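Residue numbers (the numbering used here): 15 to 337.
Hints in this document: simulated from the structure, not taken from any laboratory.
Note that the structure is predicted; figures quoted are calculated from it, not measured.
Each hint should be verified, as a subset may be incorrect.
[As the list claims (entries may be wrong)] Quick list of simulated restraints, FRET-style, between CB atoms:
| no. | residue 1 | residue 2 | range |
| --- | --- | --- | --- |
| 1 | Asp186 | Asp91 | 45 to 53 Å |
| 2 | Ala336 | Gly138 | 14 to 22 Å |
| 3 | Gly140 | Ile25 | 36 to 44 Å |
Just so you know, even glycine gets a beta-carbon here, dropped at the ideal spot from N, CA and C.
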Amino acid sequence: MSDSTTPQHRIGSGFGARSTADDVLAGIDLTGRLALVTGGYSGIGVETTRALAKAGARVVVPARRVGAAREGLAGIDGVEVGELDLGDLDSVRAFAERFLASGRNLDIVIDSAGIMACPETRVGPGWEAQFATNHLGHFALVNRLWPAIEAGGARVVSVSSTGHHASPIRWDDVHWRDGYDKWEAYGQAKTANVLFAVELDRLGRERGVRAFSLHPGGILTPLQRHLPKQEMVERGWIDEDGNLLHPEAFKTPQQGAATQVWAATSPQLDGRGGVYLEDCEIAEPAPADGSRVGVKEWATDPEQATRLWALFAELTGVDAFAA
Numbered sequence: 015m016s017d018s019t020t021p022q023h024r025i026g027s028g029f030g031a032r033s034t035a036d037d038v039l040a041g042i043d044l045t046g047r048l049a050l051v052t053g054g055y056s057g058i059g060v061e062t063t064r065a066l067a068k069a070g071a072r073v074v075v076p077a078r079r080v081g082a083a084r085e086g087l088a089g090i091d092g093v094e095v096g097e098l099d100l101g102d103l104d105s106v107r108a109f110a111e112r113f114l115a116s117g118r119n120l121d122i123v124i125d126s127a128g129i130m131a132c133p134e135t136r137v138g139p140g141w142e143a144q145f146a147t148n149h150l151g152h153f154a155l156v157n158r159l160w161p162a163i164e165a166g167g168a169r170v171v172s173v174s175s176t177g178h179h180a181s182p183i184r185w186d187d188v189h190w191r192d193g194y195d196k197w198e199a200y201g202q203a204k205t206a207n208v209l210f211a212v213e214l215d216r217l218g219r220e221r222g223v224r225a226f227s228l229h230p231g232g233i234l235t236p237l238q239r240h241l242p243k244q245e246m247v248e249r250g251w252i253d254e255d256g257n258l259l260h261p262e263a264f265k266t267p268q269q270g271a272a273t274q275v276w277a278a279t280s281p282q283l284d285g286r287g288g289v290y291l292e293d294c295e296i297a298e299p300a301p302a303d304g305s306r307v308g309v310k311e312w313a314t315d316p317e318q319a320t321r322l323w324a325l326f327a328e329l330t331g332v333d334a335f336a337a
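Construct all of the structure, not just a fragment, from the sequences and the given hints.
In structure tokens form, the structure reads like this:
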């Protein structure tokens with residue numbers, strides 16, 4: 015995709031890396047809107063939930079650990095918790111069936127849950143855990159919830175990462191049967207998040223559904239739980255005492271939540287979709303110098319997006335758009 019044809023160009027939102035979720039919601043009334051936020055009870059997820067609820071939305075937070083979710087969300091009005099394990103397709107189906115039985119429509123879906131750089135782990139039928147949890151579970155969830163998403167004309171937000179720069183889709187070995195590398199596996203899962211939004215937007219736009227993906231920014235949250243302290247020291251994130259070495263390089267959780275909240279609610283994005291965002295802006299294509307800014311071409315290639323959707327549908331047995 016060349017620069018002359020890509021929609022991946024800044025629009026002058028007026029926001030930036032230090033904007034918070036509350037900043038981007040200023041003046042926006044979400045009363046009567048229903049949002050679903052996976053991972054919405056810790057890290058940037060809980061700040062996303064808090065900001066949406068403060069703006070008037072009711073927020074459904076699916077969680078594998080229901081008790082921990084309720085504890086993390088204590089004191090936030092307008093929130094409900096439902097049981098969901100994204101690594102278990104039966105759990106995804108059961109959650110979606112319960113939700114659809116409630117007869118409600120969805121206005122916002124934010125796929126924010128994720129794991130990062132975990133040791134080699136297999137879930138379900140032997141799937142690599144990061145690919146399965148970060149993306150296959152979300153793919154199945156969105157497709158199973160499609161009747162409510164379509165009826166609500168929802169925005170679907172797929173939380174990716176600059177980590178997508180680490181790996182394209184490994185078409186010959188998506189589940190890392192050989193030579194597992196935790197960072198490249200994370201990168202592939204994050205590339206999948208972007209490609210998913212590209213294809214969902216193509217499929218859903220004529221039905222009033224738009225999709226976005228994004229990099230929330232660097233934030234130290236429970237997402238780092240699989241990283242040994244020494245590895246974070248070696249990466250220059252923290253010192254031996256656990257203190258941030260370069261605080262200016264990291265966002266607060268409230269700042270980290272801003273881009274996904276902007277994606278889900280901003281009128282500046284009306285009529286747009288299928289694009290990757292960062293710092294509350296549409297990102298530019300990644301430069302050729304290897305710096306980890308912008309979006310890689312392999313993550314926005316529409317042919318790869320269509321191919322990956324077909325693979326997801328085959329692996330999960332779910333496709334809301336199947337003829």
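Check: Does the structure break any of the earlier hints, and which numbers would those be?
Finding: Hints that this structure does not satisfy do not exist here, as all of them hold.
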